[in-house]
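Visitor: The hints should help you fit chains C and P onto chain S, whose structure is shown.
Chains as they are written, first to last, in this note's numbering: chain S, -2 to 309; chain C, 1440 to 1947; chain P, 55 to 383.
Errors might be hidden in some of the hints.
[Unchecked claim] Covered by chain P, according to a simulated footprint, are these stretches of chain C (three or more residues, beta-carbon under 8 Å):
no., stretch
1, 1538 to 1545
2, 1553 to 1559
[As the list claims (entries may be wrong)] Quick list of the computed label-pair ranges, beta carbon to beta carbon:
no., chain 1, residue 1, chain 2, residue 2, range
3, C, P1753, S, G154, 38 to 48 Å
4, C, G1558, P, E75, 30 to 40 Å
5, S, Q25, P, I239, 38 to 48 Å
Everything labelled a hint here was simulated from the structure, so no lab data went into it. Quick reminder that beta carbons are idealized off the backbone N, C-alpha and C, glycines included.
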Amino acid sequence: MLKRHGHETVLAGLVVIALLVMSFQSAQFLTTGNMLNQGRLMAEVALVALAMTFVIVSGGIDLSVGSTMGLCAILTGVLWQNMGLPLGVVLAIIPIIGLICGLFNGFLIIRVGMPPLIATLGTLALYRGLAEGISQARSVRGYPEWFAGIGQGSILGLPTQIWILGVALVLAGVILGLTRWGRTVQAIGYSEPAAHFAGLPVNATKYAVYAVSGLAASLAAILFVSRVSTTRSDMGTGLELDVITAVVLGGTSIFGGRGTIIGTALGLVLVQVLKNGLSLAGVRGDGTLVLIGVVLVLTLVAGAFMENRVRR
Amino acid sequence: MTIAQTPPPAGGPALSVRDISKSFGPVKALKTANLDLRAGEVHALMGENGAGKSTLVKILAGMHAPSGGAILVDGVQTALPSPRRAAEAGIAVVHQELLLFGELTVAENVFAGHYPRKGGMVDWAFMRRRAQELLADLDCHDLDVDRKLGSLSVAMRQRVEIARALNHNARVLILDEPTAALGERDADRLLEIVLRLRARGVAILYVSHRMNEIFRISDRMSVLRDGTYIATRNARETTEAELISLMVGRPVDQMFPKTEVPIGGPVLEVRGLSCGPMVKDASFTLHKGEILGIAGLVGSGRTELAHVLFGVTPAASGTIHLNGREIRIASPRAARDAGIAYVPEDRGAQGLVKPLPIRENISMAVLDRISPGGMINRAKEAALAKRGFDMLGVRASGPEQIAGQLSGGNQQKVVIAKWLQTNPSVLILDEPTRGIDVGAKAEIHRLICELAGQGLAILMISSELPEVLAMSDRVMVIAEGRIRATLSRDEATPEAVGHAMTARRSAS
Amino acid sequence: MIGSTTLPPSGTGAVRRFLREYGHEILVALAILALLVGVGLYNPRFVSARNLTTIFSGNAYIAVAAIGMTMVIVIREIDLSVGALIGVLATISGTLAVSGAPIWVAWTVPIIAGAAINAISGILVAYARIPSIVVTLGMMAILQGGLITATGGTWISNLPPEYLLAKMTVLGLPMPLVWAIALTIAAGLWMRLSPFGRSLYLIGGNAEAARAVGIEVPRRIVAVFMIHGAFAGLATLLFATQLQVIQSTTPPNLELIVITSAVIGGVSILGGTGTVFGSSLAAVLFATIGSALIFVNVSAYWLRAFIGTLILLTVMADMLRRKRTMKGA
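Just chain S, with the same shape it has in the complex (with noise of 0.2 Å):
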């Protein structure tokens, strides 16, 4: 158990550490009404976080996820108040534009047979691009009650985010560690010819893989809409290093293969709790920054190390 799972016991450790450590910094830190409000906080980055997850296993990347978000978030406003469509309508159509997304991605990067990270970098322009273009920078505001509900409200006395994060969070870890789907995303980012040898449907689960990582980024932007009621085009700016560094702390290989879904969970933990306990101790916002990519780099660095002494 600890041979396999060191990285994330390490991390599961890092996140009771920092956890103490902020708790003493700050009271307010350990009250419930202040631990709901991080998991509201946290949602749309883990949504994507769980996705990439599997992109990244499959031996992938996707940078596009960010605009992806804001191009969802803009057409949210946009069928619904300039084309007029029920906003319930609406919230159909979303989450097939982040398919669509996520599809296009699949072929530049399996058919057209582009390096991941570079098709989807040009899809980062490509989408936010669309997003800015067709918002021409006018934000949508005037939600309707019912809809902020999904973003504002709770359910049981727990805020809406908790309970998708929740599915979402046992849903990607059954997925990834238990199915016959699961298996193949890993064994395609071990070696993909070893996969295609084997007879697995490695073209079908890569497009599936990207295809989910879309329509995480639109249900992403579906919960950051209601949250805030206003659409923006510059939602999800960045979103894509907030997540691939979650990820990425939480153990999984940015060469593919290794990762698991308690690590991202883990990793997205970790980074909210110093992000929110350094800003409650009175750190500016971003000496976070410095500590998460600080954290991130010794993580990686650890990590290279540990593969070298395994290899030897």
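Guide: Relative to the frame of chain S, chains C and P by itself:
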């Protein structure tokens, strides 16, 4: 340990290797390698796969540091800590995998890393002119040195790499399997070049498997076995048989435990199968319980044929019948579902997912069967892995051991175990014993015979002729993408196969 | 198979070689020219001296930053932290300038600091063997966060006028333009003519083969990251001295703009090909498109969508070309 022959008085050796050893972690790739290379001789370095030839070549190229022993250049002990030092010592290597730069021009490839300078800057004009001269010297008078290297044929690229070696005025030239990927004609031209360089006094170390070639150009041969120097022979005083027994370490026929198996009806019928330039109009029939060997040189189209049958590169035309039913094979998945299994040539990259445990490798091709509703049934998987593990006698701590940590032979058993889970009716084996040590080889051979005995129809590709001849019920010879001959077990002598392999097409 | 029969007379050989070697760069230059002529005919104010100065001079720093990025991509690495680095260097430089340090110190420190900071990334990439994309992702977070933590995002004002390099002119030409041209030519020739410069193409083209011909790959990787950092420092000088004030934040998306310049300029993300001429021209093409959109009354908000499409098309063309070269045997 055998002592190297004392070199004859005709000048000291240009290069001497004294008790060189090399370990990679716990693996001893070389134990005691010895070699004397004289100026103006072609010296063949021979040995089975895994004997340590490539390791020795890499050490002489300055790419690996030896763990022990000494290298003498012109009698002076010389360290070769880097490729640059090796080049400065006058040693040039033409690597098997041609270490070149596809996106750069021919001229630049000749000089890469050792640019001619004028005022500190790269002298492009001189570089282009000199590259032209060097290549003209190698019978490439018309080659446009401004072309991108990636657009040249393999034979041309190889000549560019030889030109690079000549540019250093190398006194020692090492050629690692230079004809492995060449056609007959290109190979002939290469041998002429080698002989011409010998006449100029270059000492040439020639690593090759091809016996006829070695006897044609070599003055002496040295044999390595299991990382140990065995013997050196003069070409005129030895025979092919002697060299083989030196390489193998025992009489050849003891190695292959071929058992007679009754051969049943046709299982796989292939008619007029074509795909690209490497598979042309292939027709053959494979029977139940039969081992059909495929002999051919690297690049002859043998692996490509396997890839068509397994759906990696689906056929452009032709028909395939399996057990009397016509099937289309568009992907490895379709091949698997039809009952065809393929143990690929490149075990490390295609056969196994090395970082995963043995269990997950064995279950990989039958995941559908053990995951109803998408969820993997762990108990079933473990049972299935255990069965495969035990049946093939994989030597490891258990099915949970990481596949990449196993020896070559045991890795191969895991790949075969994986495919046996699919209950195939046809098993294609591509180089089943490549890079596997001698003991494990015999085990794999026994296993293949057993499987044939159980009624599996087996297609076995191998570049080791003795293996093909000893194991096969029939031998199919492939050259330039075509099946040139199909020989019965009795007809298949080394001479007959060699003749079919190299005979030029009568039509063109 | 061998091109002897199609070989033209030797007089045109040099021209042909040039066309073959710089086909992509010429294409980018022609695109700029076509835009200038086309949009200029539609709206002559587009080619007014003032607008051209804005296009070329105002974006010169991107071309300069793209020079270093080109080298990084040629050796098959990437740097996501260059935007944050330029932000940090601008603040360092501005702080020095207002604190009364000699102007030459305010000008040289960012160059040295850029090289020093990037040396860390380079070492992690070359020796710890961590992929550059994650190393520089981490560096980006550290630099961005560190900058705002240290300064609180304040503005540096009251910059001494003699510090404002970007506002100076040489022979009537704006300084940034002169710098960008001079640095591009110098770096381009250096990559073409120096053994060090050529070795970058060897590393990016085939690292294993580069090692076999005696190049010390890890050391070169660190060196390239440092040179790239120094160019980021030079870019900083042109970027930070455009206005009277320096904002202590990182310019948003700058790293993507710089990477995109290189990619559109023909620097293959697969390593081993591309020149700084291409990436500098592409930086200009970028700026020209941005400005042209305004002059043909297309909202500038569509700019990024154009750029995205351009990246994808360029890379697709590169993939096709590579496939053809490899098949052309």
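Visitor: If you check the beta carbons of G1558/C and E75/P, does the distance land in 30 to 40 Å?
Guide: Violated: the Cβ-Cβ distance is about 21 Å, outside 30 to 40 Å.
Visitor: Holds or violated: 38 to 48 Å for the Cβ distance of P1753/C and G154/S?
Guide: violated, 58 Å
Visitor: How does the Cβ-Cβ distance of Q25/S and I239/P compare with 38 to 48 Å: does it lie in that range?
Guide: violated, 59 Å
Visitor: Given as covered by chain P, does the stretch 1538 to 1545 of chain C meet the bar of three residues or more with CB within less than 8 Å?
Guide: holds (count 6)
Visitor: Please count how many residues of the stretch 1553 to 1559 of chain C have a CB within 8 Å of a CB from chain P and say whether that reaches 3.
Guide: holds (count 4)
Checked against the numbered hints above, the structure violates hints 3, 4 and 5; every other hint is satisfied.
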